[in-house]
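Q: Those protein sequences? They're chains A and B, same order as listed. Okay, so the first sequence: first residue is 1 according to the working numbering, each after it adds one. Okay, so the second sequence: first residue is 1 according to the working numbering, each after it adds one.
Since the hints were derived computationally from the structure, they do not count as laboratory data. Yeah, the Cβ is synthetic: ideal placement off N, Cα and C, and Gly gets one too. Hints should not be assumed to be uniformly reliable.
[What the hints assert, rightly or not] Straight-line distance between alpha carbons at most 20 Å, and here's what the computed SDA-like set of lysine to any residue pairs gives:
1) 120/A - 288/B
2) 65/A - 151/B
3) 120/A - 156/B
4) 221/A - 187/B
5) 201/A - 292/B
6) 187/B - 32/A
7) 187/B - 24/A
8) 120/A - 30/B
9) 120/A - 151/B
10) 187/B - 34/A
11) 201/A - 116/A
12) 201/A - 289/B
13) 201/A - 31/B
14) 221/A - 23/B
[As the list claims (entries may be wrong)] A few chain A residues that face chain B, going by a derived Cβ cut-off under 7 Å, partial list only:
15) 36
16) 46
17) 116
18) 117
19) 136
20) 146
21) 275
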Amino acid sequence: MADGTSVPIDVIAPGQVRARRNTMQRFAQRRSTTGFFLCLPLILLIAAFVIYPAFYAIYLSMLNKKMTAFVGLGNFQFLLKRHTFQLVIFQSCLFAVTSVVLKAVIGFILAHLMHNIPGKNQRIWRGLLLVPWVIPLALSTLTWWWMFDPSYSAFNWVLNQFGIDNVPWLGVGWTARFCTIAVNVWYGTPFFMIMYLAALKSVPEQLYEAAAIDGANTIQKLFFVTLPMMRNIIAITVLFSLIVTFADFDIVRILTAGGPQDMTHVFATYAFQIGIQSGDIPLGAADSLFMFPILAFAAFFVLRGVTRRTKEIAA
Amino acid sequence: MSTTVAERRIAVAAQRKHSLHRSRMWALWGSYIALSVFVVMFLVPPFYTLMTSLKSSAEISAQTGSPWLVRHPTLENFWYLITYPNFQRYYLNSIIVTILTVAVSMVISVLAAFSLSRMGFWGSQTLSTGVFLTYLVPPSLLFIPLFQIIGQLGLINNFWCLVLLYPTLAVPFCTWIMIGYFSSIPKELDEAALIDGAGYLQMLWKIFIPVAMPGIIAATIFAFTVSWGAFLYPLAYLYTSNQMVLTVGIISDLIRGDVFQWGKIMAACLLASLPPIVIYAFLMDYYVAGLTAGATKG
Chain A
1 MADGTSVPID VIAPGQVRAR RNTMQRFAQR RSTTGFFLCL PLILLIAAFV IYPAFYAIYL
61 SMLNKKMTAF VGLGNFQFLL KRHTFQLVIF QSCLFAVTSV VLKAVIGFIL AHLMHNIPGK
121 NQRIWRGLLL VPWVIPLALS TLTWWWMFDP SYSAFNWVLN QFGIDNVPWL GVGWTARFCT
181 IAVNVWYGTP FFMIMYLAAL KSVPEQLYEA AAIDGANTIQ KLFFVTLPMM RNIIAITVLF
241 SLIVTFADFD IVRILTAGGP QDMTHVFATY AFQIGIQSGD IPLGAADSLF MFPILAFAAF
301 FVLRGVTRRT KEIAA
Chain B
1 MSTTVAERRI AVAAQRKHSL HRSRMWALWG SYIALSVFVV MFLVPPFYTL MTSLKSSAEI
61 SAQTGSPWLV RHPTLENFWY LITYPNFQRY YLNSIIVTIL TVAVSMVISV LAAFSLSRMG
121 FWGSQTLSTG VFLTYLVPPS LLFIPLFQII GQLGLINNFW CLVLLYPTLA VPFCTWIMIG
181 YFSSIPKELD EAALIDGAGY LQMLWKIFIP VAMPGIIAAT IFAFTVSWGA FLYPLAYLYT
241 SNQMVLTVGI ISDLIRGDVF QWGKIMAACL LASLPPIVIY AFLMDYYVAG LTAGATKG
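Okay, chain B solo, but in the shape it has when bound (with noise of 0.2 Å):
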């Protein structure tokens, strides 16, 4: 009797056992199907925008058959840009902007970071708090003033303007990040620096920023993203060709009153995204790690 009831008992777990292995793997492949659903969904703009910028203007007018496929897939889109000075100005006026912001934000923000996580100071809690609030202020609440002091400072129409207002952007976040992680480099380290005769800025030199390497990169990034990104600053200050940068470049000079050459605007898209799409490439690990970081903590 007893042996029938424990036998029993083993079949039961077994079969319960194999039951919870069939369920895990429908929820498995039910997980698969689902996420290819949704990334077929998400992926749909950038194949389309890739498929518009193979085709001819003569096979976009034509309007004939599935907007979907291309039939006589060419590169004269990209060559055409390629060799346009004026998209070759934009690509050149974006990368310097871009290097200028990145720059001088990651300065400021390495430079209070290290302050504001190490050497309190008067005020030095209010401030860090007060940076991240100034996160939350968007551009486009400040861009009507800004277009007056910007007026006033006579760079209205000059991509230098954004070289100054992009770091607001970029600059509260990124100290953000970073004093998230230098606060996590344990206290010792400095000690063990200043004994050893260290200043300040050869502790943050030579211990901090390569500990916090993984933070530098992803608050770089970010960095990046938002000047390479921007939209609003641009349209509204700049004017002129020569002066702009991609995001408006691409939309006023490819766009002329009612004709839109669809072909060459999307492979300007393609062109335009390819250096964050290879950034992140290489190094979305960082930067979700930075994001999450933070938020994960609280």
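Okay, chain A solo, but in the shape it has when bound (with noise of 0.2 Å):
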């Protein structure tokens, strides 16, 4: 890495200097406008694949199923009185308030935990603790689907050592529900656990001293140094975490493709049922649009973060 003393001498322009100093103003423009045509290509990607889709996934929304005539909030319409639907919406908010619930506490007292062992030891069990995390999530999700086999699996072997009967892990509605949840957290957990630990870091030693000095116990120190000083990463991660996983596809799609009875499709997965493999595009662009709402909800919120951090930056 060069330590920025070494800027290179060779590109010498005496001349070249001179007619930039002569007008200051030129130079801000035409600083402004490379700038602009360096931004230009992410500007482009984005505008083709992010914003331009979005609003074509609000016209389609609005299209009958052949696509060949305007039907308004038809679609809207149809997917909410359709029972099938009503479970989606219960169980895309179950699993993503439960899953990031567990997470986030379960991540939390994993980052207290490491705080507490000598730094040398903890890059061994942070790694170790990092592996759900690391494999692709589809791949992992695989395992876990051969874990929960009905019939010959590996949970189920161990229940019947302690002579309980075998359990239809994803065959009955509210197991596989909590399977799925299972899954995800185990996933996730190891993001939670790096960011908390990164914040507890950063919380300055003086503060739990001047705590000890007031007299303050182990609880108190937690709800008054230790909570204060991690709210905003908390709140980031949370909200960051319940965008990922209330969007989330592939534990769903893999493990049960929705199924007993349509009770673990989430938005994701049922949009992809209905509308890549059933054929009615616009029913399952409107169902994804479902999802805007609770997303923009959290994005207001972590904008508000992230703005505040810009505003940093900038000072």
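Assembling the complex is the task here: the two chains are given apart, and the hints tell you how they should meet.
A: Structure follows, in structure tokens:
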């Protein structure tokens, strides 16, 4: 890594420098023009494959199945009346909220445990705990599927050893819901752990010393020092994870494909089923647009935190 | 009298120090024990993947004894996959798509981050916030309209559509990481470069990229992770085996109807997870630093 002092001397061109000094204004103008052109690939990419599809989705959702006639909000009405879709809304919220809360709590505990042990060992333990997060989710979900297998599976074998009957893990609605949440928690907790660990490390030690002098016990330290200092990062991590979990596709698709009786469908998998597999693209688009309100809600709060940070950088 | 008080005080202090030390030791050992429990729980699925991948089909279908242990370890599943042309194809496709995605994403996001962190132009503040917002738009919201768009481009069932689409998943966050790293470079450095007559691209290439190398590594790993593990887009847009990438290829090829070749599936999962695991094993620190740097500043 260059240490900044090694600015190349061989590129000096005195005439150029003088010319540039002449008009500060032109310099600034050219600078912003260059800046714009450097951003152009990014702008084009996002415009073509994020913004345009987002508006296109709104347009599509208002067409009929053959995409020949405009039906207004008909698709949305149709979906809301459907029992399956009501299950989808319930399961999506249950899945996202339960998983995020569990991930946040377990991640918090893990970060604290990790913070207790000396730095040199921390690296190894962190590496071990990050394994679930490193393996591509679609692949590790396959393993979970195999472990949940009803006949000769890892979990049922263990249960049998204790004299408990086979559990049809993915065959019964609520059990299957529990399984999808469990896999999501397994996958997402390490992310919370590293974020919280970084936050814990950034809390100044003096604050704890001051609290100790004031006679605070461990729980008081947690509630009056640690949590307030970590408030920001907890909020951002939770909101962030809420968005990602809410939009999750891989786990449910592979584990249950929405089954038993559509009880585990979330917005993404349901949109896939009706939009891609059954070929009703407008209905699928309408389904996935239902995600928008909650995403916008979460994005609003994330954005508030982010603009605060942008100001700090500018300052 | 006074001496005894002093003595007692010293004794009490010593005792307190001792008990403090002891409670610290307890906290340490408690943490280790609790962490071990979590590590075991977290590593159960990878362990089971490994065990199953070492079993022959006969041993899996026999369904006797503990499924957690392998009695006759064999590498036949791995050998089958390595010599299986379809699997080679998936692997190759994954590598091509990932390398191109990473290259495209990094070029776009480094240029944009350089511009957004240094050259204010009209609307650049809005743009940098907007870039972050696009990261919050999940692929599951866009895949249906994109299905139509990709169809109009004639790229359905063509893995090149992934090279177009994956950068949208990687670029926003990579740009975000890079803006953070570039902003932390002192402005004196670019002034010095400008006075020496360096152009903007020279400045970027000779100063910003070398100085922000940890950030570049973090962003590259992120782009790699995203494009290696993405599942929704390839599942929706690819359907013949010569175009598939690993994540979908394994599922559609090794699961035929009700026939699950679990040994082979698990071996394929291991082989497919190998590149990320190797990369993380060496570069985890950069990645974690890059991820957490942005968050802890805020």
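Q: A separate judgement is required for each hint: does it hold in the structure or not?
A: Here is what the structure says about each hint:
In summary, the hint linking residue 120/A to residue 288/B is supported, as the alpha carbons are separated by about 16 Å, within the 20 Å threshold. For the hint linking residue 65/A to residue 151/B, the alpha-carbon distance of about 17 Å falls within 20 Å, and the restraint holds. Straight-line distance between C-alpha atoms of residue 120/A and residue 156/B comes to about 50 Å, which puts the hinted pair past the 20 Å bound. Annotation: proposed proximity of residue 221/A to residue 187/B is violated, straight-line Cα distance about 40 Å (limit 20 Å).
With a C-alpha separation of about 11 Å, the suggested pairing of residue 201/A with residue 292/B holds against the 20 Å cut-off. About 17 Å separates the Cα atoms of residue 187/B and residue 32/A, which keeps this hinted pair within 20 Å; it holds. With a CA separation close to 18 Å, the supplied pair residue 187/B and residue 24/A stays within the 20 Å bound. Taking the CA atoms of residue 120/A and residue 30/B, the gap is near 18 Å; set against the 20 Å cutoff, the hint holds.
Pair hint residue 120/A plus residue 151/B does not hold up; C-alpha atoms about 53 Å apart against a cutoff of 20 Å. A C-alpha spacing of about 18 Å is found between residue 187/B and residue 34/A, which places the hinted pair at or below 20 Å, so the restraint holds. In summary, the hint linking residue 201/A to residue 116/A is supported, as the alpha carbons are separated by about 11 Å, within the 20 Å threshold. Between residue 201/A and residue 289/B the alpha-carbon distance is near 12 Å, which keeps this suggested pair within the 20 Å criterion.
With a C-alpha separation of about 17 Å, the suggested pair residue 201/A and residue 31/B falls inside the 20 Å cut-off, and the hint holds. Taking the CA atoms of residue 221/A and residue 23/B, the gap is about 16 Å. The hint holds against a cut of 20 Å. Look at residue 36/A: its Cβ gets to within about 5 Å of chain B, closer than 7 Å, so that hint holds up. For residue 46/A, the interface hint holds, the least distance from its beta-carbon to any beta-carbon of chain B being 5 Å, beneath 7 Å.
A cut of 7 Å between beta carbons decides the hint on residue 116/A: the least distance to chain B is about 4 Å, and the hint holds. Interface restraint check: residue 117/A against chain B, minimum CB-CB distance 5 Å, threshold 7 Å, status holds. Below 7 Å, beta-carbon pairs count as interface contacts, and residue 136/A has one with chain B at about 3 Å; its hint therefore holds. Nearest Cβ of chain B to the Cβ of residue 146/A: about 5 Å, under the 7 Å cut. The hint holds.
Annotation: residue 275/A was flagged as interfacial toward chain B, and the flag holds, the nearest CB pair being 5 Å apart, inside 7 Å.
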